[in-house]
Amino acid sequence: MRWIRFFHEVGLEDVPLVGGKNASLGEMIRELSPLGVKVPGGFATTSEAYWYFLMANGLKEAIAQELKDLDPDDPILLARASRRLRNLILKGEYPEDLEEEIRQAYRTLSQEAGEEALPVAVRSSATAEDLPTASFAGQQESYLYVQGEEELLLHVKRAMASLFTARAISYRAHMGFDHLKVALSVGVQRMVRADTATSGVIFTLDPDTGHRGFVYITAIYGLGENIVQGRVGPDAYYVHKETLKAGYRALVHKKLGPKELTLAFDPREGRLRNRPTPPYLRNQFALSEDEALLLADWSIKIEEHYSGKRGTPTPMDIEWAKDGPTGELFILQARPETVHSQKAPVLRIHRLLERGEVLAEGLAVGEAIATGRARVLKDPREMDRFQEGEVLVTETTNPDWEPIMKRAAAIVTERGGRTSHAAIVARELGV
Numbered sequence: 001m002r003w004i005r006f007f008h009e010v011g012l013e014d015v016p017l018v019g020g021k022n023a024s025l026g027e028m029i030r031e032l033s034p035l036g037v038k039v040p041g042g043f044a045t046t047s048e049a050y051w052y053f054l055m056a057n058g059l060k061e062a063i064a065q066e067l068k069d070l071d072p073d074d075p076i077l078l079a080r081a082s083r084r085l086r087n088l089i090l091k092g093e094y095p096e097d098l099e100e101e102i103r104q105a106y107r108t109l110s111q112e113a114g115e116e117a118l119p120v121a122v123r124s125s126a127t128a129e130d131l132p133t134a135s136f137a138g139q140q141e142s143y144l145y146v147q148g149e150e151e152l153l154l155h156v157k158r159a160m161a162s163l164f165t166a167r168a169i170s171y172r173a174h175m176g177f178d179h180l181k182v183a184l185s186v187g188v189q190r191m192v193r194a195d196t197a198t199s200g201v202i203f204t205l206d207p208d209t210g211h212r213g214f215v216y217i218t219a220i221y222g223l224g225e226n227i228v229q230g231r232v233g234p235d236a237y238y239v240h241k242e243t244l245k246a247g248y249r250a251l252v253h254k255k256l257g258p259k260e261l262t263l264a265f266d267p268r269e270g271r272l273r274n275r276p277t278p279p280y281l282r283n284q285f286a287l288s289e290d291e292a293l294l295l296a297d298w299s300i301k302i303e304e305h306y307s308g309k310r311g312t313p314t315p316m317d318i319e320w321a322k323d324g325p326t327g328e329l330f331i332l333q334a335r336p337e338t339v340h341s342q343k344a345p346v347l348r349i350h351r352l353l354e355r356g357e358v359l360a361e362g363l364a365v366g367e368a369i370a371t372g373r374a375r376v377l378k379d380p381r382e383m384d385r386f387q388e389g390e391v392l393v394t395e396t397t398n399p400d401w402e403p404i405m406k407r408a409a410a411i412v413t414e415r416g417g418r419t420s421h422a423a424i425v426a427r428e429l430g431v
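In our numbering, the protein residues as written are 1 to 431.
Please keep in mind that the hints were generated in silico from the structure rather than gathered at the bench.
Check the hints yourself; a few may be wrong.
[What the hints assert, rightly or not] Cβ-Cβ distance ranges computed for the label pairs, FRET-style:
hint : residue 1 : residue 2 : range
1    : Glu354    : Leu77     : 42 to 48 angstroms
2    : Ile349    : Ala79     : 22 to 28 angstroms
3    : Gly324    : Lys245    : 27 to 33 angstroms
4    : Ala246    : His211    : 14 to 20 angstroms
5    : Asp379    : Ala173    : 21 to 27 angstroms
6    : Arg351    : Ala246    : 37 to 43 angstroms
All values derive from a computational prediction rather than experimental measurement.
All residues carry an ideal CB built from backbone N, CA and C; glycine is no exception.
Take these sequences, add in the hints, and give me the full structure.
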């Protein structure tokens with residue numbers, strides 16, 4: 001195929017062609033499957049397919065004109081430009097050969113799984129033409145439980161259009177990337193039915209302290225989007241690496257989380273829906289100890305492989321899921337951790353000089369101390385009310401909140417854990 005690559009056909013050397021996310025999936029399938037690490041199969045449209053689609057619809061010129069002289073700090077103009085560009089892509093027509101290759105690849109994937117129309121996850125993976133190692137994490141959209149050829153074609157287009165969300169345009173402008181040198185590869189991956197089981201996030205270091213001796217695992221019921229978006233508090237597990245590698249049961253600590261919601265596919269409505277988790281499930285751990293140890297073992301293998309490829313110790317940020325119908329565990333994606341791995345090891349001690357009445361408390365991310373006027377916001381569109389150095393208080397955050405988070409002295413959210421969006425971005429920003 002000219003415009004499609006199956007995951008098993010690509011590896012880390014193919015980042016310019018299929019983006020970091022898809023290249024990483026291919027690398028794990030090719031190199032780590034023999035070691036027992038399970039990764040769902042799939043395929044990716046290439047960056048060349050993206051340019052082919054734009055050229056066939058005459059969109060490169062329209063994009064250049066729309067973004068010329070655009071002020072990325074003007075939220076109204078940014079939103080208008082974003083809306084127009086995404087509509088142009090969604091109205092575009094697939095070249096006949098590209099459409100047929102997407103259909104054929106999906107049929108092949110469905111046949112291999114023994115299904116007529118396999119449910120898949122559709123994920124965007126951006127790559128810069130002249131900066132193949134640039135990170136665009138969290139800037140584009142993902143779509144879960146996409147089923148059928150027509151739905152897939154629609155969502156591949158939506159994924160391409162997500163290269164022009166307001167936050168993605170703003171990010172590239174502030175990073176100095178040329179919009180017309182950033183392409184998009186769309187990954188199509190067999191859907192793991194975690195909506196009827198469990199899922200979570202793994203760091204091969206302690207995400208708060210950066211200590212590299214432990215694997216930190218989080219787990220919830222249903223699809224893992226709830227962890228990333230900070231909608232629920234997950235269970236947490238710490239596994240000591242060297243003890244596990246020596247052959248011992250190395251789970252040194254586990255903590256029960258509230259797991260308030262479960263994100264699952266509703267067959268009656270034909271869409272994903274969040275429902276309250278039943279109390280009896282909230283009061284038990286989402287992962288067994290054996291499952292936590294297996295995930296930790298896989299995570300160490302992934303970290304060691306990437307460290308070997310890069311020639312330097314490389315802690316990893318990993319997403320996993322358990323398939324409800326089969327009970328099998330899978331790794332959905334893996335990428336190098338970007339906060340502690342790039343910091344010099346510095347110990348900072350913060351001391352509270354005076355104590356007052358405690359009005360509220362919760363799970364701390366990091367160990368710094370901050371003060372400021374509390375500003376309660378319900379929506380990122382209220383950003384004009386937020387002043388530099390205030391404490392942001394809100395229910396939860398997603399990438400749309402980042403312009404506000406950059407100006408905050410501290411962040412308080414009602415929901416979330418140490419691997420939620422708010423926690424990860426706060427660490428990156430040093431908040």
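- prompt: Taking the beta carbons of Arg351 and Ala246, is their distance inside 37 to 43 angstroms?
  reply: Once the Cβ atoms are compared, 38 angstroms apart, the range 37 to 43 angstroms for Ala246 and Arg351 holds.
message: The hint says 14 to 20 angstroms between Ala246 and His211; measuring C-beta to C-beta, is that right?
response: holds, 18 angstroms
message: Just to be sure I understand the hint, the distance between the Cβ atoms of Gly324 and Lys245 should be within 27 to 33 angstroms; is that true here?
response: The hint (27 to 33 angstroms, Cβ to Cβ) holds, given that Gly324 and Lys245 are roughly 31 angstroms apart.
query: Regarding Ile349 and Ala79, is the given constraint of 22 to 28 angstroms on their beta-carbon distance met?
result: violated, 44 angstroms
- prompt: Per the hint of 42 to 48 angstroms, is the separation of the Cβ atoms of Glu354 and Leu77 within bounds?
  reply: holds, 46 angstroms
field: Range hint 21 to 27 angstroms (beta carbons of Asp379 and Ala173) holds or violated
entry: At 23 angstroms between Cβs, range holds.
Hint 2 from the earlier list is the only one contradicted by this structure; the remaining hints agree with it.
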